Amino acid sequence: MWLAIKLGYRNLIGAGLRTWLNVIVLSFSFVVIIFMKGVMIGWDHQAKTDMTNWEIGGGQYWQKNYDPLDPFTLTESHALIPQEVKEEITKGDMEPFLIIPGTIYPQGRLQSIVIKGINPGQSLFLLPSQKLDTIADAIPAIIGSLMAKNIKADVGDQIMVRWRDANGTFDAGNIAITDIFTTNVPEVETGQIYIPLEKLQTMMMLPGEATILTFRDGQKIRPSLDGWILKNKDDLTASVDAMIKTKSVGQSVMYGILLLLAMLAIFDTQVLSIFRRQKEIGTYIALGYTRRQVVGLFTVEGTMHAILAALLSAAYGLPFLAHMAKAGWKMPIDTSEFGMAIAQTLYPVYSLGLVITTVLIMTLVTAIVSYWPSRRIARMNPTDALRGKLQ
Amino acid sequence: METSPVIKVEKLVKRFRVGKGEFTALNGIELVLKRGEFAGLVGPSGSGKTTLLNIVGSLDVPTAGEAIVLGKSIGSLSAKEAARLRKENLGFIFQSYNLLAVHTVYENVEFPLLLLNFSSSERKRMIMDALEWVGLTDKVKSKPPQLSGGECQRVAIARAMVKKPSLVLADEPTANLDAANSHNILKTMVALNNDLNTTFLFATHDDKVISYLKRKIFLLDGKVDREEIKSN
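Just so you know, the protein sequences line up as chains A and B, in that order. Residues in the first sequence are numbered from 1 upward in steps of one, following my numbering. Residues in the second sequence are numbered from 392 upward in steps of one, following my numbering.
Same shape as in the complex, but just chain B:
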């Protein structure tokens, strides 16, 4: 049984330069996330959710403290090493889907696999599996502008999940969706969490998302305010 944490954050500080001054977005965050957790960073706008998610996702670096993701210290990674971490181990789901508009559904989901040099037949199998998880096998040739918001987000989930990453980071994944689509998306993610034991970390202030989280980490003014763990 694996005991090492997927995410380990210690005394994490992130400051941004704003004009001549500085803004402290994260102020001494401490956090440990184990494999298979379905957790969320919850808090109002400006509480530091997205900043923490970006650092964990190796898209940004801490000003002080340490963020260790899958055994790698984000602050000490080179750009190439950070790109490799994202490519091999992380999946991203964005609020506005961030699909490649001129590519088909198939090509969008294929992208992470192309980066990992899977063969054509392997790619095809994995893409069809991923699209089956999200129920979009009939839309392989469609392009994002031809899809609804819910469908787009499901494509984004398929793209994030296709390589079966260790950690999926989802930033406000339901913010652009209606209630029915939000629940569908969240159920899909819960199912993937259960079936593949993938660790999910959300950044959200959406009550619908919060209701699905097994672990809620409340942030306030760049600090962990409190935590809640859902009992089964």
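If we strip away everything but chain A, and leave its shape as in the complex, we get:
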């Protein structure tokens, strides 16, 4: 083994540019694979963080009838805010939401929406709810940028909104857009408008009632509230976890493609080497190498490509990856129309495990694709090899 390493190293260094071209290609693959995987992990992290910051906080209580997937339950999904949590609400550690169905009429069109009542002074979410704390002749409302684009609305615009109060009576009024926010969480903006909670409670004739109670501290042990269902963070991020799991299949495919490209480069080199270096192989055998030792030498040589590539990657890849983790990867175009949550800047997240796993997998794959064509040598007649005769 030591001899194979020594000879393999000499052969690699002696081959000069040919070796370095392969090593550069392979090292590029290393860095790209780790970077892309880091971006994907970063994206997943960001999705969960954004969801926490914009929507779910540390967890929620849902009024027992509330089903976000069934809009018909919304009219019945409200109840008085329990006495037990009022202190927490006062402290700003819990925020009630009242959610009701409604209809807006932008430019004469009809669009079904969800109206959410939120406390303008809340600090639990990144929603710019303080923009609701304004005196206007219409109902102050904030909407997301996608929603604004959909209904062609801008700040200052007034749009007619219709709702049905607790007694089943239809009522209507105008909302005034006081702010348009941008978020990476489509769930908090698609088909939704936010208005002050108290205003919505009045409009609905549901004073002191809410649909959802979101709390800040997810670590605290929560009591069960009568008529309310406790949803911890894991329950609420289950959909994101499922999405991440689904995405991981795609990520694995991409990971595989990048690995395949790197593998092809090495495989190509090894196959070429065998045909170009037949005489050399014959010489090794004539000088006393066994066929197995020749296969070993070529396998070690190929594997050394991966090791050199890992070292080269460390030289330029680590600073690059560290820089990208800090500065982030700015999306070159507006991602708001991608139909999925992508931040304008993605921050890759790398772990030591990711780096070690990638290096090990690449090295192993390189060893395999080096061994594979080298096996052919074992079948080569040494006298033919010495003459450089193709078989």
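Worth double-checking, as some hints may not be accurate.
To be verified - Away from chain A, derived, C-beta distances all over 12 Å, residues of chain B: (1) T415; (2) R516; (3) H574.
To be verified - With a Cα cut of at most 30 Å, we get these calculated DSSO-like pairs of lysine-lysine: (4) B:K515 x A:K279; (5) B:K515 x A:K6; (6) B:K578 x B:K607; (7) B:K607 x A:K279; (8) A:K220 x A:K245; (9) A:K247 x A:K231; (10) A:K220 x A:K64; (11) A:K279 x B:K471; (12) A:K279 x B:K463; (13) A:K279 x B:K578; (14) B:K532 x A:K279; (15) B:K471 x A:K6; (16) A:K6 x A:K279; (17) A:K6 x B:K532; (18) A:K279 x B:K478; (19) B:K599 x A:K279; (20) A:K279 x B:K411; (21) B:K399 x B:K614; (22) A:K48 x A:K149; (23) A:K279 x B:K614; (24) A:K279 x B:K530; (25) A:K6 x B:K555; (26) B:K399 x A:K279; (27) A:K279 x B:K555; (28) A:K279 x B:K534; (29) A:K48 x A:K245; (30) A:K6 x B:K478; (31) B:K534 x A:K6; (32) A:K6 x B:K530; (33) B:K515 x B:K578.
Quick caveat, the hints were computed from the structure, so don't treat them as lab data. For clarity, every value in this text was computed on a predicted model and none was experimentally measured. Note that the Cβ used here is the ideal one computed from N, Cα and C, for glycine as well.
Following the hints, position chain B against chain A.
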């Protein structure tokens, strides 16, 4: 005094498959070579010289008959045993040198010693000795592409001789060299044969080589046609 032959070939037959038929390259060769001989297989192309050299060198096996080299029957050796025979006892010199192009002269000559696990200091001494025999001590750091044909062949000789093998097999060693270089190479080999008592077996049809041989074994159509021994 050692009396056992270095090479003993009896009724050796080698056939190759050619398409659906067979070609008989060697047809009942009988040959005995003693230690210290400077002999050559002489004959036209296709007479079986290289085939016989390959079998003696344990790179190929006989179809029938027996080739015993240094007491070992080539036909019955495993691949590992054959590799050990080559590694420990045989030196090869090829027509096209077969040097490792990306290695230096020093590293090329070092290769057989690495296989034999000599220590670094021993290797260095033996390599410098071998390069001194062939007059290339000033080229240790050069690589084969930087050398002339004659120099390359001298490196090949140094590589073959560095471990002081019992038998050196040289296949058309001067075929790629001019007359002056050929004579230099042959003189070097004669000197090594005299100084180290190494047995040399050539395969050649080059008159320059033939003129140096002490024993000429003429092959024709896979058979020993006749022999000539040079009288001192």
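Right, here's what the structure says about each hint:
Every beta carbon of chain A lies more than 12 Å from that of T415 of chain B, the smallest distance being close to 17 Å; the non-interface claim holds. At roughly 19 Å from the closest C-beta of chain A, the C-beta of R516 of chain B stays outside 12 Å, upholding its exclusion from the interface. Separation of H574 of chain B from chain A is adequate, the least Cβ-Cβ distance of about 26 Å exceeding the 12 Å criterion. With a C-alpha separation of about 26 Å, the suggested pairing of K515 of chain B with K279 of chain A holds against the 30 Å cut-off.
Among the hinted pairs, K515 of chain B with K6 of chain A is consistent with the structure: their alpha-carbon atoms are about 16 Å apart, no more than 30 Å. For the given pair, K578 of chain B sits about 17 Å from K607 of chain B by alpha-carbon distance, which is consistent with the 30 Å threshold. Taking the CA atoms of K607 of chain B and K279 of chain A, the gap is about 29 Å. The hint holds against a cut of 30 Å. Distance restraint check for K220 of chain A and K245 of chain A: the Cα-Cα separation of roughly 28 Å lies within the 30 Å cut-off, and the hinted pair is therefore satisfied.
Between K247 of chain A and K231 of chain A the alpha-carbon distance is near 24 Å, which keeps this suggested pair within the 30 Å criterion. A C-alpha spacing of about 21 Å is found between K220 of chain A and K64 of chain A, which places the hinted pair at or below 30 Å, so the restraint holds. With a C-alpha separation of about 20 Å, the suggested pairing of K279 of chain A with K471 of chain B holds against the 30 Å cut-off. The straight-line distance between the Cα atoms of K279 of chain A and K463 of chain B is roughly 26 Å, inside the 30 Å bound, and the hint therefore holds.
For the given pair, K279 of chain A sits about 27 Å from K578 of chain B by alpha-carbon distance, which is consistent with the 30 Å threshold. A C-alpha spacing of about 22 Å is found between K532 of chain B and K279 of chain A, which places the hinted pair at or below 30 Å, so the restraint holds. For the proposed pair K471 of chain B and K6 of chain A, the alpha carbon gap of about 21 Å is at most 30 Å, so the pair holds. Taking the CA atoms of K6 of chain A and K279 of chain A, the gap is about 20 Å. The hint holds against a cut of 30 Å.
Of the supplied pair hints, the one linking K6 of chain A and K532 of chain B holds, its CA atoms being roughly 17 Å apart against a limit of 30 Å. Restraint check for K279 of chain A and K478 of chain B: the C-alpha separation of about 17 Å stays at or below 30 Å, so the hint holds. At roughly 26 Å between alpha-carbon atoms, K599 of chain B and K279 of chain A fall within 30 Å of each other, so this suggested pair holds. Of the supplied pair hints, the one linking K279 of chain A and K411 of chain B holds, its CA atoms being roughly 28 Å apart against a limit of 30 Å.
Among the hinted pairs, K399 of chain B with K614 of chain B is consistent with the structure: their alpha-carbon atoms are about 15 Å apart, no more than 30 Å. The straight-line distance between the Cα atoms of K48 of chain A and K149 of chain A is roughly 25 Å, inside the 30 Å bound, and the hint therefore holds. Note on K279 of chain A and K614 of chain B: the hinted pairing holds, with a Cα-Cα distance of about 29 Å set against a maximum of 30 Å. With a C-alpha separation of about 23 Å, the suggested pairing of K279 of chain A with K530 of chain B holds against the 30 Å cut-off.
Taken as a hint, the K6 of chain A and K555 of chain B pair is honoured in the structure, with Cα atoms around 23 Å apart against an allowance of 30 Å. Among the hinted pairs, K399 of chain B with K279 of chain A is consistent with the structure: their alpha-carbon atoms are about 29 Å apart, no more than 30 Å. For a cut-off of 30 Å, the pair hint linking K279 of chain A to K555 of chain B stands: about 24 Å separates their Cα positions. Restraint check for K279 of chain A and K534 of chain B: satisfied, since their Cα atoms lie roughly 17 Å apart, inside the 30 Å limit.
Proximity of K48 of chain A to K245 of chain A is assessed by CA-CA distance (about 13 Å); at most 30 Å being required, the pair is judged to hold. For the hint pairing K6 of chain A with K478 of chain B, the CA-to-CA distance comes to about 18 Å; that is within 30 Å, so the pair holds. The suggested pairing of K534 of chain B with K6 of chain A holds, with an alpha-carbon distance near 17 Å, which does not exceed 30 Å. Of the pairs offered as hints, the one joining K6 of chain A and K530 of chain B holds, with about 22 Å between alpha carbons and a cut-off of 30 Å not exceeded.
Among the hinted pairs, K515 of chain B with K578 of chain B is consistent with the structure: their alpha-carbon atoms are about 25 Å apart, no more than 30 Å.
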